[in-house]
Amino acid sequence: MSLDVLFNQFMSGIARAAMLFLVASGLSLTFGVLRILNFAHGSLYMLGAFLSYTLWKSLLTPSLGFYLAAILAAIIMALFGIIIEFFLLRRLYARGWPEQLLATYAIVLIITDIVKYGWGGEFLSIPRPKPFTGAVFLFGFPFPSYNFFIILLGLGLVIFLWWLVYRTRLGDIIRAAAHDREMVSALGIPIPRLFTWIFVLGALIAGLSGAVTAPFGSVALGMDIEIIVECFAVVVIGGMGSLPGTLLGSFIVGEVYAFGIMFKPELALAFIFMVMAVVLIIRPWGIFGKPER
Amino acid sequence: MWETPNRIGMKKGWWLGLLVLLFLFAPLGVSEFYLTVLCEALVMSLLALSFNLLFGYMGQLSFGQAAFYGLAGYTVAMLITKIHFNFWLSLMAGVLMASLVGLIIGYFCVRLRGIYFAVLTLAFGQLLFVIIYKWHDFTGGDDGIQGVFPPDFLKSPTHYYYFILFVFIASTYLLWRIVNSPFGQTLKSMRENSERTEFLGINIARYQLIAFVIAAGFAGLAGAIWVPFYRSVAPFYLMWIKSGEPVMAAILGGPNIFLGPVLGMFIMTFVHAWVLGFTYFWPVIMGSLILTIIFLLPGGILGFAQEKMKQRRERSNLKETP
Amino acid sequence: MRKFIFLLGMVVLGSFLLTPEVGAQAKKPTPKEPIKIGSICDFAGPCYMYCETGLNGLRIAIEEINAKGGILGRKLDLIVRDTEMKVDVAVRELKDLILREKVDFLIGPCSSGTGLAMQVVHSEYKVLRISAIANTEAMTVDKFSPYFVQVVPNTYMEATANTRYLHKKVPNAKKFCTIAPDYEFGRREEAAFADEIKRLVPDAEILYQAWPKPGEKDFTAFITAIMAKKPDAVHSSLFGGDLVAFTKQAAPYGFFNIPFIALYDLPVLMALGPDAPEGTFGFGRGCFFMDPNPKMMAFVDKFKKVRGTYPDAWAVQNYDAMYLLKAAIEKAKTTETEAVIKAIEGIPFEGLRGKFTIRPLDHMGTVPCYQGTIAKDPNYPFKIWKDIVRVPGEEVIRPEQSVREIWKKTGVVR
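Protein chains in written order, with our numbering: chain G, 245 to 537; chain D, 43 to 364; chain W, 1053 to 1466.
Where hints are given, some of them may not hold.
To be verified - If you want the footprint, here are the derived chain G segments under chain D, 3+ residues with CB under 8 Å:
no. : segment
1   : 332-342
2   : 350-363
3   : 507-521
What the hints assert, rightly or not - Counterexamples of contact, computed for chain D against chain G with all Cβ distances above 10 Å:
no. : residue
4   : 97
5   : 134
6   : 181
7   : 222
8   : 346
9   : 358
As the list claims (entries may be wrong) - In the EDC-like style, the derived pairs of lysine to aspartate or glutamate whose C-alpha atoms are separated by at most 16 Å in a straight line are:
no. : chain 1 : residue 1 : chain 2 : residue 2
10  : W       : 1461      : D       : 179
11  : W       : 1265      : G       : 248
12  : D       : 197       : W       : 1390
13  : W       : 1282      : G       : 248
14  : W       : 1226      : W       : 1194
15  : D       : 124       : W       : 1176
16  : G       : 360       : W       : 1194
17  : W       : 1281      : G       : 248
18  : W       : 1265      : G       : 510
19  : G       : 374       : W       : 1327
20  : W       : 1154      : D       : 74
21  : W       : 1154      : W       : 1085
What the hints contain is simulated information worked out from the structure, not anything from laboratory work. We put the beta carbon where it would ideally sit given N, CA and C, even for glycine.
Build out the structure end to end from the sequences listed, making use of the hints.
The following block contains the structure:
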């Protein structure tokens, strides 16, 4: 097993990790502040992907059209997020978490049929936009430039979120609310509006990551269920509600999968669940998570 | 508030008896297809009751009950098809297997609370699913195992219906006795206030583990009697999606009422069968149903009804005092 | 408590013994009423699309037949049910079709998993089913039932045929890799590939087998793992959305410089558009460009008029299945199941994919397998195949001896 082969496998793990981080960060953010594990996060991702395809199709310019479509799809999903949060989730904050979880699952079911009805069962595909159509060479091995785009996007998101959470006033409020919701409310900060903003941000991220997936692979029914299970693994391992945790969790899941495939492909999936179980047993709140009070 | 045995008395007994009679005579009035749906509703209700032992009574949400259901089903299927083992002994082996695995998994799960408990049960459930799915030389992989037949006298749907009904009524009664025993009371107290219970010297983990094993056993029983009915088993029976069904049923029907999950499951099963008869857009209907009940009927259908009756009783009590 | 259980047991036992046995009974044919065809579909995941296009083909066949007066003077009625790709829902909906709708015949499903679960049940009820999409060999061989007929080339036939094509195109290839979705379909196809390639090339080596999960969206790690082994050729049974994703992800790596064969049929080629790798090999079951005979082209015209698009293999196979059923019913002169089964065995049939029959041994249709090389075509906005080879089913069907050996192991008696 030569070094450059291993490095190449490592890089594919990074690409997968970047993809996972894009999606899982939204889930982690929502959980960290709202304390709701949003099952529907995967569905918003899927809807974003389908929307971006349709928008791209109607925009007619293949490459520029993709970027526009992605941004538009993200915005539409953000609006959708406002509707979901305002009309549904807001009324459930007083209820127990099982009912909140079930409500998000209901949203998953509804979005599934929206997609079924709107797009049928066809699997759709967008070709990669310029300038990311080819490959760059690392150690003599080609590495698709679109994967690099995804990694860059992931990094961009990390930086943006870090800036938001640690360098803005909103970020201070977010961290305070994650720690002690009642105190923040007592200080006169409107919690409901904060929650809406956070949920909308999560939805925006979900929609954007869905749109970005479309040229990467294919857009099809069932991608919501797949991604949400992997996202769960990521946030469980890294720590629910912790952004550095999500980053680490994405990295671990991405690399475990990449190297699992190389050495024992049939068990790659099982490895993920085993790691998940081990983390939960040893350190339930995840590597970077904080124990709940 | 919890329904205790001394509150029932004759008043509750009579409508329960009527219900049992209705079920006993169902095959006379119900078509063979709806008898099948009835069987499904009964078996899944047993699964839902097993789930609710942990959820409604212990306050823990298990996302892995289907894993025990499926595991028992696989045990039964493999014993019957591969070594032509005795049917009744196979069923017992299925329940035993589910309980044993429940013991192992439960040992780790009961040390956690809330969402962490839920996610660990999900992880273990998925792990079992992946093992069965990938071990295709032994379990048949995603092909599943077919040709699981009950003994000849149970092959007819009507006879099997009575078998399922018998198992269901007996299990429900057993579970009822368990939740109303001192053991059950301790579980409920853990749900209300775990700290206080601990101060009383109760080892929470041990009680929760026992409850976990019991729930796994009954979930296994449901799976064990199900597989010969449908003549096959497949890895899908262990998936977290299947585990979600008793969760929905319990919350829909009311987790704080003993028979709440049964009502929830009956509604889900029959509406599902009815809807699939004319459209394949079932998810949006199920999703809307869930949201409707969560918003309009907090506490589930029976929970809401009970709350309303209590308020009415209290109002009439107030009117009586001069 | 003991008294209660005892009493309950007595009551239940009593009711049990008193009720007559309502057993599995075949439906008695009722002349002059419409013949009911039950289409059991899996409207979920990848199967959603295949079932929809399949239904399109089935509906056209039924309309045509009804326009000409039906079968034996009786019109056809189509009833569709969804399994949601879940085995328990599948069996229940199957029972709905058999018990409530009282269908005469079944066509479907798409997923082999639900197909197998249903097979044991509809066989008990003695209703005949034809598969026009699902193709695991388990349905005709391992878990054979006389109440099942297959008009899709099964995993053994398909992989054997496409291996021969690959070998013909790259005769000097000795080192292979495979990539297939990790479930029974993929496993069986790759197993048949391994057997056939070792037969054709005695010193062939399979260096690495990639098993992405069905629905995998990120193949990067598999791609790099395969390319690291530097194989002479790669065999694959990836299909649908997975193949689309794989193709797009593999292209920048220069993957398609390696000879590669996979299920590049119409839906995949249409989705990929300009991204479809020219010079790469594809295999399939008979979409329109794979077998442009006059009957097929007439069907294409009709399909385009009705559906506005080209028919894929699923529409073609469903159409063939319906006409095969018609031929069998007319030969038997009744819709009575046992007679139709007898009539269908060995029946001479010519459909959109040419001539084939149903082998009496295992009810496997001697249906053709197609392979080709992806190329541009000025007539269509998507790429199609050139160098098309049509392998008649008889050449690749599993020999009887081999079938009987498997039956000894799985306990089928015939």
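Fill in: Distance rule for residue 358/D, whose beta carbon must clear each one in chain G by more than 10 Å
holds (29 Å)
Worksheet item: Checking the smallest CB distance to chain G, is residue 181/D really beyond 10 Å?
Response: holds (14 Å)
Practice prompt. Can you take a look at whether the segment 332-342 of chain G is actually covered by chain D? Rule is 3+ residues, C-beta closer than 8 Å.
Written response: Contact hint for the segment 332-342 of chain G vs chain D: holds, 6 residues under 8 Å.
Worksheet item: Is residue 1226/W within 16 Å of residue 1194/W, Cα to Cα?
Response: violated (31 Å)
Worksheet item: Is the hinted pair residue 1154/W and residue 74/D satisfied, with a Cα-Cα distance of at most 16 Å?
Response: holds (12 Å)
Worksheet item: For the pair supplied as a hint, residue 360/G and residue 1194/W, is the alpha-carbon distance within the 16 Å limit?
Response: violated (35 Å)
Fill in: 10 Å Cβ clearance of residue 346/D from chain G
Holds, because the least Cβ-Cβ distance between residue 346/D and chain G comes to about 13 Å, which exceeds 10 Å.
Worksheet item: Taking 16 Å as the top limit, are the C-alpha atoms of residue 374/G and residue 1327/W close enough?
Response: holds (14 Å)
Discussion item. Need the status of pair residue 1154/W, residue 1085/W: alpha-carbon distance at most 16 Å?
Written reply: Holds, at about 12 Å.
Discussion item. Verify this label for me: residue 222/D is non-interface relative to chain G, using a Cβ-Cβ cutoff of 10 Å.
Written reply: holds (24 Å)
Worksheet item: Between residue 1282/W and residue 248/G, does the CA-CA distance stay at or below 16 Å?
Response: holds (14 Å)
Item to complete: Mind taking a look at whether chain D covers the segment 350-363 of chain G? Criterion is 3 or more residues with CB to CB distance under 8 Å.
Response: Per the Cβ count (10), the hint holds.
In this structure, the hints that do not hold are numbers 4, 11, 12, 14, 15, 16, in rising order.
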